[in-house]
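Please build the complex by placing chains H and L on the supplied structure of chain E, with the hints as guidance.
Taken in order, these protein sequences are the chains called E, H and L.
Quick note on this note's numbering: the first sequence kicks off at 1 and runs consecutively.
Quick note on this note's numbering: the second sequence kicks off at 1 and runs consecutively.
Quick note on this note's numbering: the third sequence kicks off at 1 and runs consecutively.
Because the hints were derived from the structure by calculation, they are not lab data.
Please note: incorrect hints may appear among the correct ones.
Label pairs and their computed distance ranges (CB to CB) [said to hold, decoys possible]:
# : chain 1 : residue 1 : chain 2 : residue 2 : range
1 : E       : R368      : L       : G278      : 51 to 61 Å
2 : E       : L328      : L       : P6        : 38 to 48 Å
3 : H       : W83       : E       : K385      : 28 to 38 Å
4 : L       : A241      : H       : A162      : 34 to 44 Å
5 : H       : K288      : L       : F176      : 49 to 59 Å
6 : H       : E259      : L       : F176      : 47 to 57 Å
7 : H       : A151      : E       : A70       : 38 to 48 Å
8 : E       : D196      : L       : H344      : 38 to 48 Å
Here are some of the chain E residues that sit facing chain H, going by a computed Cβ distance under 10 Å [what the hints assert, rightly or not]:
#  : residue
9  : T68
10 : G210
11 : G257
So, partial list: chain E residues that the calculated Cβ filter (under 7 Å) puts toward chain H [stated by the list, open to error]:
#  : residue
12 : C17
13 : P72
14 : S88
15 : L101
16 : G102
17 : E335
All residues carry an ideal CB built from backbone N, CA and C; glycine is no exception.
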Amino acid sequence: MLRLELTGIRKEYPGVCANDDVSLAVAPGEIHAVLGENGAGKSTLMRIIYGAARPDAGSICWNGNPVTIATPEVARSLGIAMVFQHFSLFETLSVAENIWLGQRGSERLTDLTARIQTASKTYGLELDPERPVHTLSVGERQRVEIVRALLTQPQLLILDEPTSVLTPQAVQKLFATLRDLAKTGCSILYISHKLDEIRQLCTRCTVLRGGRVTGVLDPRGETERTLSRLMIGSEPPAIERATAALGEAALVVARLGVKPNAPFGTELTNLSFTLRAGEILGVAGVSGNGQKELLEALSGENPATHTGAIELLGREVTRCLPAARRQLGLHYVPEERLGRAAAPSLSLAQNTLLTRREPVGRAGWIDRTRLSRLAERVVARFQVKAPSVDAPATSLSGGNLQKFIVGREIDAKPKVLIVAQPTWGVDVGAAAQIRAHLLELKRNGSAVLLVSEDLDELLQVCDSLVVMARGRLSPRVSVGAITLEQIGEWMSGLWPAEAVEAQVA
Amino acid sequence: MDAVFLLLGASIDAGTALALASLGLLLNERAGVLNLGAEGIMLVAAIAGFATAFHTGSDVVAFFAGALAGAALAAAFGVLVIWLHTNQYATGLALSLFGAGFSAFVGIDYTQVKLSERTPFTLPGLQDIPALGPALFRHHYLVYLAVALAAAVSWFLFRTRAGLVLRAIGESPESAHALGYPVRRIRLAAVATGGALSGLAGAFISVVYTPLWVEGMIAGKGWIALALTTFATWRPWRVLLGAYLFGGVTMLQLHLQGEGVALPIQLLTLLPYLATIVVLVLISRDQKWIVVNMPASLGKPFSPRT
Amino acid sequence: MLDLEPRAEPSRAMTLLSPVFALIFTLLVCVSMFLWLGKDPWQGLELFFVEPLSSPRALAELSLKVVPLLLIGLGLALSFRTNVWNIGAEGQFILGAIGAGGVALLASERTSAWVVLALLLAGTAAGMLWGGLVAWCRDRFNANEILVSLMLVYIAEQLLSYLVHGPWKDPQGFNFPQTITFATPTEIPRLFTGSRANAGMLVAALAVPLVWLYLFRTHGGFRLQLSGLAPHAARYAGFSARRSLWTACLISGGLAGLAGALEVSGPLGQLTTHVPVGYGFAAIIVAFVGRLHPAGVVAASVLMSLLTIGGELCQSRMGLPKSLTAVFQGLLLIALLACDTLIHNRLKLVRTARAPAR
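Excised from the complex, chain E in its bound form (with noise of 0.2 Å):
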């Protein structure tokens, strides 16, 4: 008997069919993944089954009976329990309270503590009850998370892309954690693209792609290679890194540090790196060790409370705003896409006008004929695929709004560019253009900061790379002279401290 069926389930959105025909099929005890590319319909097939959302058609059996699954309430009282991506965490709360609200009951808040300890013992998931959550590092919130998710002794656990914020050593032992789950007969729903952890850890796996199923098979029978042709239906584009003479530093830090502006952010020790025209330099880690610090010193978003300098092309620019910095030659594509690097309700030519200041003429008059040309031609160059230049940047889809504002940067013929995350969350083909033309640039002359959680982007893409933990950075190493585990080993900070020394005397 299985523990949950899916059968025909169709789910569609204005626009877009999200989930077409799908069938899923999990066996008690079986960690069971499902794999595909962002955009596959994932992660609307697990809030069909968590509840949060409802098919349009097809039906759901739970142990052999027919259920509609209509609220999270109701799957939870099935036995299914989720671990999302985005944590659902109270920052101010402790890590008891925290779980408490996860559960149901009038169970007190000293007899959960005490339950926490024990689940804590038995599944080697250390935890502190009392310790407030703004004060866990991102692993440890995923701790809290799994052990709210356990404490509901659940017969289906859901993880959605559990290892996006871990090392590769946590990843082990998160690995270690659901063998012994699966093994008390809970089945484990693994969402993830990351081939070689699917084929690590799970017994079976479902593919999706472009909303229909295109395979279920043994992971462990494939390969890579036959993985990623069911996922995204070709082979993976090769990028051609051919590498170019290294010119003039282009953006010099020594010896920054910060102090953390927001309450909860991380302190920048010490940092410095030179970066030279032509020259790709990656920043690894996981998020929350400083990065968004760095990128806010380097933009010039936050220039207050620093020690130590910024030199851009030989000019000091430590406390230069950020239009400053733009006049330059040092731009700058964010993480975030819509809200900050382009504002939702406003046109494409008119989200032109954050970075460019071209169409301004005097007396800030804006010349409407050349920014519409200039936004058209951003759009043709980067070959974004938008109604018009007029349309709102909500009209476009992830990839293509990313691929305009990565245009737009490169567009302005930069010295220095600084990206961050760019083809997180964005489709296969767009995120392959998007690496092209960085590569072009670099190729042109211009240097690149590239920040990544992706290290097989950061791997493809860069020529050296640094990584970054806990406000700090590591030695810079060439891509080919390092291992994935010592990256990993770097991302939990462990580097040896006078390698650190030697690079920046």
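Frame of chain E, contents of chains H and L only:
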């Protein structure tokens, strides 16, 4: 010295309406909803309470009427803001403007009317303590109710699970929704309850404090109550204290006049409003402190569809 | 059961229709109230919408109400677009009147006619000062501008009261709290002889295209709007939030002050405690009903003036309380906000019972 105790007693009286309204707003804001309609709610509740007291002769019924009027208006506000996603600021303002006009309209027939003098509620024995006795223990029962309410709200927020849920919703409605809580319904409940308390405050002013009806008689106390919740960093006991302090400032002007201090009456009248600005400035200065204490979702719209 | 479903793109049609729906709803309530109060609704509607437009004299009276609402409404539309919630325009209006009054007190019958310009400039400056206080409190101390600007209204009222009861009181005024009637040169020129309509209309008419051009054709206006629409994007772009704040407060304060000065130089002719009549608050409704757009603000200020004058007529002719107008105006705004939901959402019929999917 007598004057000080008199002032103390008067401050408690004057601060009670502020405290009640502010406690109601505190519940709103802890759930993440900013209700700028407090002034309008208090005005409508004031006339509702006054008219009810006049026609029924019963204070209790009048207070009920005021609370009900407040809850109803607040609930309408809640539906607009929580379900229809109207702009919280604009809707609250609209409510205040509407409330001002509506209360004036309904109150037309009551402007010349007076209610009988209210006898103060006294705690036997305690009120005979020299000096402090009359100051602290010779008040209308709503004054003591306000203190009890501060205790009740504090207990609710920090010692019960329901209060924890409310605070969680105020911090992150998205997370609460993901956990399966009916965020919108809970917010509406908080808004309606807050409205009831504000309504009670309005009725208290028109029925007990100055037992008559004058158009616009709330004179900005609703706005001051809003400032008060920020001033008290959303903690009930601090709200109470702050309310009495503000009451004191209001009373100070009458006191100074009584003492024959030669300041223009307008300067004394504007003291509470000036004090509000000063308080806001002092409190808001430290951005970090505010961010840590403020319910993180305050004023931001929430939609269950992610 | 009806449910709301978000639209992919905001509906253009609804943006224009929403105020119309809101007005229709308000009128329905209006008619109902008339019937309930035992009055003739048709007469009421006629007093609201026909009579104020029926003669040159009526139009002149209308213009006297439209001008301040329009000017303040323009300023507030700009301010709200910037997400600066200047609710204290009433206070800035009062300060404008005080500033203009102060200059007017210095004039005599022999003063040049250019004193009118001085009056207007003084009023605008005073309004900017009062608006600047709001900006300062938020800029320097992060104090919420809604509460600060509101408190300043009460303080402005007391300031006015003090002046007309004290230092500026007319010694020949039988101890009434009022200033002298200002000298003739301080009066703003009338547009037509025998009509009360004055050159303030020209000022307002000029302000409309100026504000429009600034908001929609200059980089400065773009920066302001971006601050309101997407503050994080504005930060990313490097646009100074502080500059936007000050610009919004100074412009809206200045326009409100200008309106106050025009009142003093126009219909009022002196300062009394009755200077504040709620234009600052009514203008909030004007700004919203006008969709925060200069053209809409023009239409909305005419509508609101009709409601105000109609209310006065209803009072004198039908014995209805004047506060009825305030009720309708408040209701109009609430109805508008509710109808605005339809811009971003669509009404949908949802079947409540869902048969278990088979």
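- Does the structure break any of the earlier hints, and which numbers would those be? The structure conflicts with hints 1, 6, 9, 10, 11, 12 and 17, although it agrees with all the remaining ones.
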